[in-house]
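Chemist: Spelled out from the first residue to the last, the chains are:
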Amino acid sequence: MNLVTRQTLPYVLILVAGVFAPFLFRDYSNEIAVLWLMIVFASTWDILGGQMGYNSLGNIFFFGAGMYICAIVQIGLYYDVGMYTSGARTTHIVFTTAQYFTGFALGTVVAGIGAAVLAFVAGWILFGLRGPYFAIGTLGLAIAAAELTASWEWVGAASGISMPVFPYGPEPQKLFFYFLLFALAFALLVFLRWLYSTNFGLALNAIRDDEEKAEAMGLHTRRYKRTAWAISAVFLGIAGAIFGNMTGFIEPRDIAFPTTTFNIFMVIMVLLGGKGTLWGPVIGAVVFHTIKEVTWTYFLGWQFIALGLLIVVTIVYFQQGIVGWLMEKYPKAFASGAKREPEPALGVGLAPHAEGAE
Amino acid sequence: MDHILENLSILAAAPVLNVGLLIDGVLIGSIFALAAYGLALVWGVMNVKNLAQGDFIMLGGYLTWFLGRHHVDPLLGVPAAFVLLWGIGWVVYRLVVSKVITRDLFTSLLATFGVAIVIQQSLNLAFGPDTQSAHSGLPTLQLAGGLVTVSVTRLLGFGLAIVLAVAVIVFMKNSRMGQAIRATAQDSRAARVLGIDTEKVYSFTFCLNAAICGAAGALVALVWNVQPFLGTTYSIRLFVIVTAAGFGNLPAVIAAGFGMGVFEQFGGFLLGAEFQQALIVILLLSVLAVRQWQYMRVRQAVQ
Numbered sequence: 001m002n003l004v005t006r007q008t009l010p011y012v013l014i015l016v017a018g019v020f021a022p023f024l025f026r027d028y029s030n031e032i033a034v035l036w037l038m039i040v041f042a043s044t045w046d047i048l049g050g051q052m053g054y055n056s057l058g059n060i061f062f063f064g065a066g067m068y069i070c071a072i073v074q075i076g077l078y079y080d081v082g083m084y085t086s087g088a089r090t091t092h093i094v095f096t097t098a099q100y101f102t103g104f105a106l107g108t109v110v111a112g113i114g115a116a117v118l119a120f121v122a123g124w125i126l127f128g129l130r131g132p133y134f135a136i137g138t139l140g141l142a143i144a145a146a147e148l149t150a151s152w153e154w155v156g157a158a159s160g161i162s163m164p165v166f167p168y169g170p171e172p173q174k175l176f177f178y179f180l181l182f183a184l185a186f187a188l189l190v191f192l193r194w195l196y197s198t199n200f201g202l203a204l205n206a207i208r209d210d211e212e213k214a215e216a217m218g219l220h221t222r223r224y225k226r227t228a229w230a231i232s233a234v235f236l237g238i239a240g241a242i243f244g245n246m247t248g249f250i251e252p253r254d255i256a257f258p259t260t261t262f263n264i265f266m267v268i269m270v271l272l273g274g275k276g277t278l279w280g281p282v283i284g285a286v287v288f289h290t291i292k293e294v295t296w297t298y299f300l301g302w303q304f305i306a307l308g309l310l311i312v313v314t315i316v317y318f319q320q321g322i323v324g325w326l327m328e329k330y331p332k333a334f335a336s337g338a339k340r341e342p343e344p345a346l347g348v349g350l351a352p353h354a355e356g357a358e
Numbered sequence: 001m002d003h004i005l006e007n008l009s010i011l012a013a014a015p016v017l018n019v020g021l022l023i024d025g026v027l028i029g030s031i032f033a034l035a036a037y038g039l040a041l042v043w044g045v046m047n048v049k050n051l052a053q054g055d056f057i058m059l060g061g062y063l064t065w066f067l068g069r070h071h072v073d074p075l076l077g078v079p080a081a082f083v084l085l086w087g088i089g090w091v092v093y094r095l096v097v098s099k100v101i102t103r104d105l106f107t108s109l110l111a112t113f114g115v116a117i118v119i120q121q122s123l124n125l126a127f128g129p130d131t132q133s134a135h136s137g138l139p140t141l142q143l144a145g146g147l148v149t150v151s152v153t154r155l156l157g158f159g160l161a162i163v164l165a166v167a168v169i170v171f172m173k174n175s176r177m178g179q180a181i182r183a184t185a186q187d188s189r190a191a192r193v194l195g196i197d198t199e200k201v202y203s204f205t206f207c208l209n210a211a212i213c214g215a216a217g218a219l220v221a222l223v224w225n226v227q228p229f230l231g232t233t234y235s236i237r238l239f240v241i242v243t244a245a246g247f248g249n250l251p252a253v254i255a256a257g258f259g260m261g262v263f264e265q266f267g268g269f270l271l272g273a274e275f276q277q278a279l280i281v282i283l284l285l286s287v288l289a290v291r292q293w294q295y296m297r298v299r300q301a302v303q
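Keeping their order, the protein sequence lines are chains A and B.
Under my numbering, the first sequence has 65 at position 65, and the numbering climbs by one with no breaks.
Under my numbering, the second sequence has 149 at position 149, and the numbering climbs by one with no breaks.
Keep in mind that the hints were calculated from the coordinates and are not lab data.
Be a bit skeptical, because a hint or two may be false.
Example chain B residues on the side facing chain A (calculated, C-beta under 10 Å, incomplete) [to be verified]: (1) I119; (2) I280; (3) Q292.
Ideal placement from N, C-alpha and C gives every residue a C-beta, glycine not left out.
Take these sequences, add in the hints, and give me the full structure.
Modeler: See below:
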């Protein structure tokens with residue numbers, strides 16, 4: 001196999017799988033759609049967490065922000081948002097087909113842009129923080145967003161917003177949103193493949209390896225960090241806009257800014273698959289989502305305890321992830337395709353007290 | 001916005017209300033200071049930021065509530081929680097923390113976050129998601145013609161918190177183990193060279209921290225309430241306190257704990273209870289922003 005086929009083969013496989021999956025497994029098309037969402041989650045988290053070495057615990061903020069921005073645009077184009085979301089509303093509101101699709105398209109675009117702007121603003125405050133301070137700060141951002149949205153009457157507060165109804169019925173709706181999420185994930189993977197091969201990708205790796213030196217070499221690290229976060233925010237914002245319309249109902253704590261589910265899934269999927277690699281997050285997402293969907297209902301309420309245990313076990317005992325483990329085991333197979341050396345396990349060479357100490 | 005101004009004018013019109021809020025803030029702040037001290041201890045000694053801190057508190061609180069429900073005096077919950085959490089702390093240390101202590105900080109942060117999720121969900125499964133509170137059956141004092149109410153339980157909690165804090169501080173200053181802990185915090189390598197079993201020190205410190213949290217949690221159940229998912233809020237509060245004070249600075253940690261209590265009482269009164277969590281998180285972000293700004297000034301000075 002020559003290099004070009006090796007590099008395009010995964011994309012062809014994904015394309016084939018993505019296009020045929022909803023027709024082959026008709027009953028599971030929603031679950032597979034969420035799988036593409038999970039791949040978006042994991043891959044966008046890895047831009048910062050894996051490639052740049054900034055572990056965010058609050059990336060879900062952009063997902064939820066995109067969801068709400070899209071909803072506000074969709075509704076606000078034709079009606080008064082406060083009236084639409086008020087609990088006392090008695091009028092039945094109908095969106096025509098044209099209104100629905102104009103609103104949705106515009107809302108998605110605005111959600112992507114809005115999320116990127118928010119990432120720039122948040123990055124301005126948060127990117128002076130290093131290591132665990134950054135992680136806690138971003139977690140704080142996500143929780144603050146959830147709590148503030150939950151007490152903001154204009155967007156329906158804690159009781160959320162019922163989104164406009166998809167005009168063509170439930171079956172086409174499933175397929176429509178399935179293909180949107182699939183297209184987003186596919187576009188993201190193509191984009192990341194390109195991004196990591198540019199100087200920008202190298203700059204991110206330089207920041208991860210030694211930020212002080214990167215700065216001394218003349219990299220404007222802050223600008224790179226903010227741009228990288230804005231890139232993940234664009235994709236997360238769009239994903240949020242799509243997912244909000246897919247579920248048909250949005251609400252701050254469990255759907256838009258779920259800090260203990262989707263938010264932590266991102267991290268766990270990347271760690272499981274192998275951080276700092278292009279395919280690690282994808283593999284992690286597939287493995288995690290499959291296991292989760294198959295076993296979730298059999299846990300009878302114990303599933304979140306199992307999730308916590310999975311986090312602990314992965315981080316304590318299996319930190320290099322699946323791809324990292326394969327690289328260690330079969331270094332030759334990765335020698336020609338990948339330029340980089342196998343990822344050293346997180347934290348090697350970092351003695352305690354090495355960073356974050358004031 | 002209107003109700004904030006309205007509440008402000010209430011405070012201005014009846015200054016004695018301020019006194020009430022202040023007293024409540026200090027009484028509750030003592031509990032924060034206690035648990036924040038534990039966090040600062042672990043942070044300083046083994047450089048682990050324990051995100052399960054708030055959940056240890058909730059465990060202690062639930063034990064006290066559980067005892068109270070089975071007709072045991074909930075005041076006994078304080079020593080009981082101390083002992084139980086010592087054991088739980090030991091298990092968590094053996095299974096998780098000891099494995100991540102030499103790894104980078106995000107690893108320990110995420111590992112303890114995993115522990116936090118396990119504890120929250122277990123509590124939720126065992127006792128349900130309702131808010132619970134242990135009643136000691138002690139009366140409430142009415143001062144200044146009923147405008148200021150001070151519950152005896154809170155006073156008692158305050159007293160217990162002080163006793164515990166003094167005991168811990170005396171222990172750290174005078175006992176052999178306390179000295180070893182402080183030596184390890186200063187320089188773990190040198191401590192090892194000098195024959196201190198740092199592994200034992202780490203384990204002891206973590207257990208002690210968990211036990212302090214347990215006792216603090218028992219007080220929380222007595223004077224306030226417990227709920228499985230409140231743990232994260234406590235963790236963030238403690239993180240704010242320690243970050244604002246600096247983990248090596250014990251008096252500042254305690255002062256910041258009291259400050260947090262008072263701030264929350266006033267914030268809660270002005271904005272309404274539903275903003276409590278948002279308030280804490282926003283405080284976190286502002287503390288981090290200020291720290292960063294200070295950092296930037298130091299950097300410019302170096303240039």
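Chemist: State for each hint whether it applies.
Modeler: Outcome of the hint check:
1. I119: Interface hint status for I119 of chain B: holds (8 Å vs cutoff 10 Å).
2. I280: holds, 9 Å
3. Q292: holds, 4 Å
Checked against the numbered hints given earlier, the structure satisfies every one of them.
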